[in-house]
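Q: Just need the whole structure built from these sequences, with the hints factored in.
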Amino acid sequence: MIVYTALDRQFSEPIFEEFQARTGIQVVPKYDTESTKTVGLANAIIAEQSRPRCDLFWNNEILNTLRLEQHGLLDAYAPTSAEPFPAAFRSPQHTWHGFAARARVLIVNTDVVQPDDFPRSVMDLADPRWRDRAGIAKPLFGTTATHAACLFAHWGDEQAQEFFRAVRENARVESGNKQVALSVARGELAWGITDTDDAIIEVENGLPVAIVYPDQDPRQMGTLFIPNTLGLIAGGPHAKAARQLVEFLLSPEVETELARGRSAQIPLNPQVTTVVRVETPATIRAMETDFAAAAERWDTAAAFLRDQFVRAD
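Numbers 1387 to 1699, taken from the working numbering, label the letters of the sequence shown in order.
Hints are all accurate, no fakes.
Per label pair, the in silico range of CB-to-CB distance:
hint	residue 1	residue 2	range
1	Ala1407	Glu1590	21 to 31 Å
2	Thr1496	Arg1439	44 to 54 Å
3	Lys1626	Gln1500	52 to 62 Å
4	Gly1621	Asp1518	43 to 53 Å
5	Gly1573	Arg1629	40 to 50 Å
6	Ala1474	Arg1558	33 to 43 Å
To be clear, the hints were calculated from the coordinates, so they are not data collected in a lab.
Just so you know, even glycine gets a beta-carbon here, dropped at the ideal spot from N, CA and C.
A: Here's what the structure looks like:
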């Protein structure tokens, strides 16, 4: 069984190994590069649609899964283990299933920035006082591209384009979220925007960094939470085995393991009661996000951002 996997190998591989040990079903994961993995894997599935090679797409975000759904490339399946999850994290047509979320957060170097001066909003990326001192991953791939498309859907094209033009001029652009977190931890940047999994690793490594959950003022939009998603590929050669893996990945056991691991993923199944080391939609103000609308803005957002950030190279 072939699984195209965007979640980092260090987090997903032990789970595949446990599934193989229990079932005897061999899992062959295909990973992509850190900077392009979600888009690259989704585009590979689209390119292979006449003769699918992939059985299951484990995406570490959601919009590229919805892109595959829009192309009619996902098979419907209603696993028993998906039933406890909130409806917001399940396709009404059972073509995708969300679990184990991460938040988009600000990571701040506490040796460089005093608490009273911490940035508090994603919009601070465009604030001239942080010129060349704040960082963002290139917004063409991964959760940064997902976040951008969500902002296009939330604000509308005009405001989103104005914001990202300002970000291009103001912030330092890194190759990925992990690189943003590392640059902040080393003091090369004062702060940056990344995901909770990359930020918590630097915190727990004892580096002088703090996590800020942005846009918590009642007038602001809240912090964006992005789930992992699973989608069975229509016409995949090992459909039965892939369905067994979906049941396993959506189990409370797997969300518990991902929450306890270094990536500190956020369980979405209310049956999971393990202690979570980061904030969750139950503890802070979450951004109200129409992921379907964001997926519809994907092509428009991606074309604009490609023009801005590739040209900026």
